[in-house]
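**Q** Chain G is already provided as a structure; the job is to place chain Y on it using the hints.
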Amino acid sequence: MDLILEKSILIIVIFSITLVIAMYSTYMERKVAAFLQDRIGPDRAGPFGILQPLADGGKMFFKEDFIPAKSERWLFILGPGIAMLTALMTSAVIPWGTSIEMFGRNISLQVADINIGILYVMGFLSIGVYGIMVGGWASNNKYSLMGAIRASSQMISYELAMGLSIIAIVMMNESLSLSVIAEKQDSWHWNVLYQPLGFLIFIVCAFAETNRAPFDLAECDSELIGGYHTEYSSMKLGFYLFAEYINMFISATMISTLYFGSYNFPGMHWVGDHLGHNWLAIIEVAVLFSKIIFFIFFFMWVRWTLPRFRYDQLMHLGWKVLIPLAIINMLITGGWMTYVWK
Amino acid sequence: MSEYLFYFLAFVSIFAALLVVTAKNPIHSVLFLIVTFFAIAGQYIILNAQFLAIVHIIVYAGAIMVLFLFVLMLLNLNKESEPVKSYLMKGIGVLAGCLLALVMVAALHKSTMSPALGNPNEDIGLVGNLGKVLFKEYVVPFEVSSLLFLSAMIGAVMLGKRDPKIEPVNEITN
Numbered sequence: 001m002d003l004i005l006e007k008s009i010l011i012i013v014i015f016s017i018t019l020v021i022a023m024y025s026t027y028m029e030r031k032v033a034a035f036l037q038d039r040i041g042p043d044r045a046g047p048f049g050i051l052q053p054l055a056d057g058g059k060m061f062f063k064e065d066f067i068p069a070k071s072e073r074w075l076f077i078l079g080p081g082i083a084m085l086t087a088l089m090t091s092a093v094i095p096w097g098t099s100i101e102m103f104g105r106n107i108s109l110q111v112a113d114i115n116i117g118i119l120y121v122m123g124f125l126s127i128g129v130y131g132i133m134v135g136g137w138a139s140n141n142k143y144s145l146m147g148a149i150r151a152s153s154q155m156i157s158y159e160l161a162m163g164l165s166i167i168a169i170v171m172m173n174e175s176l177s178l179s180v181i182a183e184k185q186d187s188w189h190w191n192v193l194y195q196p197l198g199f200l201i202f203i204v205c206a207f208a209e210t211n212r213a214p215f216d217l218a219e220c221d222s223e224l225i226g227g228y229h230t231e232y233s234s235m236k237l238g239f240y241l242f243a244e245y246i247n248m249f250i251s252a253t254m255i256s257t258l259y260f261g262s263y264n265f266p267g268m269h270w271v272g273d274h275l276g277h278n279w280l281a282i283i284e285v286a287v288l289f290s291k292i293i294f295f296i297f298f299f300m301w302v303r304w305t306l307p308r309f310r311y312d313q314l315m316h317l318g319w320k321v322l323i324p325l326a327i328i329n330m331l332i333t334g335g336w337m338t339y340v341w342k
Numbered sequence: 343m344s345e346y347l348f349y350f351l352a353f354v355s356i357f358a359a360l361l362v363v364t365a366k367n368p369i370h371s372v373l374f375l376i377v378t379f380f381a382i383a384g385q386y387i388i389l390n391a392q393f394l395a396i397v398h399i400i401v402y403a404g405a406i407m408v409l410f411l412f413v414l415m416l417l418n419l420n421k422e423s424e425p426v427k428s429y430l431m432k433g434i435g436v437l438a439g440c441l442l443a444l445v446m447v448a449a450l451h452k453s454t455m456s457p458a459l460g461n462p463n464e465d466i467g468l469v470g471n472l473g474k475v476l477f478k479e480y481v482v483p484f485e486v487s488s489l490l491f492l493s494a495m496i497g498a499v500m501l502g503k504r505d506p507k508i509e510p511v512n513e514i515t516n
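Chains G and Y, in that order, give the protein sequences.
Numbering of the first sequence is given in this note's numbering, commencing with residue 1 and proceeding in unit increments.
Numbering of the second sequence is given in this note's numbering, commencing with residue 343 and proceeding in unit increments.
Be aware that a few hints might be false.
Derived Cβ-Cβ restraints for the label pairs, each shown as a range [as the list claims (entries may be wrong)]:
no., chain 1, residue 1, chain 2, residue 2, range
1, G, Gln-313, Y, Ala-448, 53 to 61 Å
2, Y, Pro-483, G, Lys-7, 13 to 21 Å
3, Y, Ile-406, G, Phe-66, 31 to 39 Å
If you're looking for bench data, these hints aren't it; they were derived computationally from the structure.
Glycine included, C-beta positions come from ideal geometry on N, C-alpha and C.
Okay, chain Y solo, but in the shape it has when bound:
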């Protein structure tokens, strides 16, 4: 049962991820990316990691993607406003993509598949166990990463702040 579910979710996530790249409209891309995130959350649930699944949905699908959608809607991208790229640019893009694919294939070719670890503890993904691991064994990395987040947040606020030296533009006069 869970095996079929795995293949179904894997198919959905890969198919939706392909559509993210191929979709012409950026809004459609964002919506397909949300579908991909849901499929990945489903994989977490199969692994009995419900907390990770729901946090994945709340953070990625519920917050970050909403901001993406927000920006795209305000930018109002459409066919008319899209800059036309020259053939040279397109050719360089294809070349760069092929080179990246080459590097990835080479890396995969050299690597060997490690045998599945097997799940040492079925309930490892439940919220209680996860919390104990995070706050007992990995307290320092956890706190350091939260410090990083805080500094990023302060940086964003600083960038978003209006410069007091520049006079606010009066939109009514022009």
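Bound conformation, chain G alone:
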């Protein structure tokens, strides 16, 4: 009973943190864009425009919810729902910290420690394509269909390279469980130091998987109006945009967990010995979130720096550069583990 209670509380907390971070990512995106383009950005709603996301959300809710007459009505409604569901499901297997001691119990800061954590995330990533495909097809609009097909072919192409780059990590840590991978990167033994090439492949694929610039061909305004969500309005459009920001948050979390030491930081044992277990847990969570926020910033930084790829360049990069590189990385890791580590 206690277990169900503590897990439910943890789920609700993670759910609200995810939503708040996704909400304020929209604000951050505008502020970062303004900073990079030497503007001021949103500053009307509240001090420094801090209430801007609430104003945007309110606007989204009160807009007319329009469903095109020739669309597939149920699939049109289902599309944004799938996108949102798959985006929110992944946070269940991520270890947000080791554990805290409260009420005489040792409470783990991970909702579900399943032994195939990485595959679970990859699975939901591959299911996420359906939100875009179903929505784009059901709209019965050429631009939507083109956007949906571009998005899904891009996502399935980059999933391969992403999976291959993760295999090297799995080989090194000898586990598919995210909690074990996080644990093994004790203090400063972050995976990025051992897998720099793998990290590079992973982060490029993460950009492609989230449909972010420079890989935002799915919704490039100049050729496709808005891509797969051209026909969407009101909160259905909101769901699609929101799912994209949640995906960005999850990608940043995965980058930090797999390559940048998760919640680990140099000197964590000293903190644990001198300040106690709970203080260590709080600092761990803070460290993880500062890494995540840095990577969200990095996503935005790239978006406002690099121009968009052309479609053939995107496919060339995915199939002829990243996949061979990932395979070479895997072979090097295997060879190193067999001949050097032993």
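**A** Same frame as chain G, but now just chain Y:
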């Protein structure tokens, strides 16, 4: 608890599988097939085979079905473009289906239900045990099947390759 879950998932998988066949729109069929795959993945989880469940979702629901959906969307099938089948064709189809059903019923009628084996090892489906079985006891079949996959892949690439002798069609001129 797991028994009720089993019956629920079995119902969902059979119901969705029926809808795959009866749905008029091929896109709906593919979507119902994905629901069926999810229900089957749920059965794997009840059997404590999480690795199989998730691989089932990644490979079938996440990759193969996406390609199916892809092709169907590009073909743009709808009522107008569907070829009208004659009554003769329909009659032959019904006859063939009935014969298949007859064969299956006859086969099931003769067979006897073997008693459930019982699970010798609860953790047999976990990824570590599965890997050990695959790479220790069944290395040769595993490698042979991967060779088959490789040859199929090369074949697909060869078929998809443009023939150098045929001049590329210039679409702008016509």
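**Q** If a hint holds in the structure, say so; if it doesn't, say that too.
**A** Verification of the supplied hints:
1. G:Gln-313 / Y:Ala-448: 53 to 61 Å: Roughly 58 Å apart at Cβ, these two residues keep to the hinted range, so it holds.
2. Y:Pro-483 / G:Lys-7: 13 to 21 Å: For Pro-483 (chain Y) and Lys-7 (chain G) the Cβ distance comes to about 41 Å; the hint is violated.
3. Y:Ile-406 / G:Phe-66: 31 to 39 Å: holds, 34 Å
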